[in-house]
Each structure stands twice: as C-alpha cells, then as structure tokens.
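> According to UniProt numbering, the sequence shown is numbered sequentially starting from 1.
Treat the hints as calculated values from the structure; they're not laboratory data. Among the hints, erroneous ones may be present.
Cβ-Cβ distance ranges computed for the label pairs, FRET-style [as the list claims (entries may be wrong)]:
#1 Arg17 / Leu155: 12 to 22 Å
#2 Ala263 / His454: 23 to 33 Å
#3 Arg185 / Lys427: 48 to 58 Å
Each residue gets a CB set at the ideal place from its N, CA and C atoms; glycine is no exception.
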Amino acid sequence: MNLNGTEQPYATPRRGRDRRARVWHAPTGLARVPDGETRTTAVVGGGLAGLAAATALAERGVQVTLYEREYQLGGRLAGWPIELADGSTATMTRGFHAFFRQYYNLRGLLRRTDPGLTTLTGLPDYPLWHSEGFRDSFAKVPRTPPWSAVGFAALSPTFGVRDLARMNPRAALPLMDVRVPATYRRLDGTSAHELLERIRFPEAAHHLAFEVFSRSFFADPRLLSAAELALMFHIYFLGSSEGLLFDVPQEPFPTALWDPLAAYLTGHGVDIRTGQAVESVQPVPGGGFRVTTEDGGAQHDTVVLALDTTGLQHVVARSPRLADRRWRERIMRLRTAPPFLVSRLWLDRPVAADRPGFLGTSGYGPLDNVSVLERWEGEALRRVARTGGSVVELHAYAVDPGADRTAEQERLRTQLQRVYPETRDAKIVDERHEWRADCPLFAVGGYEDRPTVHTADPALTVAGDLVRTDLPAALMERAVTTGFLAANALLARWGLHGQTLWSVPDRGRVPALRALDRLFGT
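All chains should be built: construct the whole structure from the sequences, respecting the hints.
This is the structure in structure tokens:
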C-alpha cells in the first residue's frame, strides 16, 4: 500500500486454482516508515522464515539486519559449492524439497524476484512404490475434494472392496473437519500411528501412502502428533483442490532462489551478515535489544527469532531476561526429530529413461525416497550431457540416533539397487552424505509447548516451521507464513501496513461430512 492507500503488487500473494482458498488480510497502515523516522529490526536466522520476515519489513522501510550463522542463506534449503573427484564443481544441498501449489505465501515470496515463477517446473507425477509390488500414482487423481479421496481409493491397488468394508469411517471423521487450533486440542494427545490404526486403513495403504507422508516430517509415526498428520491430510489432500503434484527449482537453490532474493533484500537496504551466529539477545533499559555475536554486538528496536529448535534454545539459554520465564522454559522443552540422511551419488551410467524425477518408497529398509536430479535440475543435466551417468539422491528419515553412519549409507546404496536394478553395475564417481538432526519434532502432546509468533514482549517475535499458528500451514509454507506474521506484528506496532496472506481453506470442504463429525466423531 502506498501513502494514498493503494496496495503494492507484492503485497498479496496469488492463490492457485482453489477458489476456496482463504485470504488473511494484513493490518492496515502507512506504506513506509515516515521520512525522518527510523525503525530497526534484527532478524536472527536466514532460512525461509527469516527471509520472509526481512522481506516484509524491508519493503516497508524498516532498517533490517539479517544474521545467519552459516555462510549461505536458505536454512534447510541452503546450497554450497563442492569439488568432485574428477575436478568438476557441483552444488551440494541438504536434499530434495517439493514446492506444492498450495504454498501460496512461499510462492509469493519467490515472486519478488521471479514474478512468473519461471525458475520452477512441475514434475508430472509423485509415484509411491512398496517393496511388495504395490504402486501408487497421483498423476490421474482428481484434485478437488472429496473426489480426490474417492479417486485415490478407486485408483490405488492398495484399496480393495474388502479393505474398504473393514475400515472404520467414524474414526476417520476428524480428518474431514480439520480446524486450527481445534484439531490440536482434539488429536494432539494421539500419535499418527494410533490414528491410522483406529481408521483401519489397509496395511499396504498405511505404509505406502500415509506413513510415507508422515515421515515427511522426519519422524516415526509413533512419535508424531496425530493432529499434525490430520493437518497434513487437510493441506495436501482433503482440504485443498491444488492437488498433490508439485514444482521444483530448475537450478540449485542458491542460483534459482536465494542469490536473487539476497540481491532484492540488499536493494531494500537489508544488511545481510552471513557467518555471524547470534549468541544472545538481551532487552535494553528503555526499550530495544542488544544482539550479541562473536564479533561484537548491536542494538535494535525489535527482534525476530527465526531459528531452528537447537538454535533457538541456544540463544534463549544465553538470554536470561528474554520474554518471560514460562516462555523460556517452554522453549527449552522443545525437541528435534531424529537424524536424517541425504546421500547424493554421481554415477558413471544413467538410470533407466523411465525413472521418475522423484519416487517415494516404503518397505525398502531405511530408504524413504529417490530423486534423479537430471530430470529437472539444470546443473545435473549439464553434467550428464557432458560426462554421461546420473546424479541420484537418496533420503532416509528418522534414523536411529545410535546407528553406524557408514553402515546406513551402505544400506541406502543397497536399497537403491533393489529399487533401480540397473544401478547394480554403476560405478560411483563421487558421493556426498549429509547427516542432519535439526528438524522440529511435532511430538504427541507437544503442541502447547510450541511457541507462537507473539511473546510476552511485543517487540520480540518468533518465526519458523516449529511455530504454531492459526493458519493451516505446514513445513516450508509454515516457515514463510510465520515469518510474514512475525513481521506483521512488528509493523502493526509502528502503524505500518502488513503482508496479506493466503492459506488453504481453514475447515473441511464438505458440510455434510463436517456435520457427521460433529454428531459421531470420536
């Protein structure tokens, strides 16, 4: 919005094909900080949440300093250069990410530098394979609920007539009327595994589809809150007509996404300080905060903490006067999900031409999915055109923390040969393995301890995928959404216009099923 009340083009993300997508209007106010006045914010963390917060604030004329511990932006979507055994260079990342079409706010952030989202390309399918021979696909599944659920059951080989007859539809009713936060009050004390057992999905469907989805939260279904699983079903399947197909960047994350966004932020006056870990954030008498790094410190009017669980706990533990005691204690009780492994292999020969760009797997030991990067990524495709071979990425989620890492890496390679037998004779030209354990665990009963955007101090906000919000969002979209919400809270304090947001519908789409849930739901 400019000073005469006209909204700027970047202020409202575009929704997709879903006419029922929900708009969340921004607080109204001035377009920019008035001339002669200064407002400052420290954004701590350069992942999706921090980048969104910095963007919304800087566009309104706030002086933003963005602190990032690593030397790259992007957080869990960062990338960095490596040199391979043959002397060539490549970009290594922490693994594949799907940019779903219902990620309205993430896509709105990316439109700042790519209005047509030309850096993204759609994958034609998201197949799921079980080791016992079951195969599922989403390419022909209708996108609009409830026909999406009906179509999936009709097309899936894992749903037979007898299987459907033994299911417990009453236990499934909570999935038909997902609302935030009501669904958390109802289901947070139940595990995702227990909910699926109650519904009595066919065993193959349980493993092939629903467990694959729950493990996208990097957690074993026995540890994951059923409320989080229900929200996921709503966002991707039962509540949105955007469908389960998704887009991916056509180049590595830094080239496609973060380098352009960093230039955009710099152009808006953001001071980007990579390689600077924040050690503490201390309130200053009279207002504001002292943000301390290894290189010194600086004072800012406001702060956005956009950190992962461990990083947030690190700062809070060293900031004894931050917010209030109860909030700090809740932060320290947060948990991270078990470790996950990303193995990227550069092979000397190609995988079969019909192998999909992304494949979800079940029943193949620790292997959760396989990506063939040259199917969509320009850097990998250029290498393959030059040298032959394939660039393959393997993921293993929720790995036992005590597992032998070398053995787990070998198990992934062995399972790849089961899934794609043509790789048995391939030589590994080079390989890289990323072990990480920094994703939030949405544990059974953990909802109340998760922070909200707001804290007891109105000048301090929190953002990230670990943050709970009343908007139905998860994973990358939750990170960006809470980043914008954290910025909006600060902008509203200064009388500045905020960022308008979108989400999937905030309740079940079918009134009759919602009514049944109210009458008969467990």
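> All hints, please: hold or fail.
Hint-by-hint comparison with the structure:
{"no.": "1", "hint": "Arg17 / Leu155: 12 to 22 Å", "in the structure": "holds (21 Å)"}
{"no.": "2", "hint": "Ala263 / His454: 23 to 33 Å", "in the structure": "holds (31 Å)"}
{"no.": "3", "hint": "Arg185 / Lys427: 48 to 58 Å", "in the structure": "holds (55 Å)"}
Against the hints set out earlier in the document, no violation occurs for any number.
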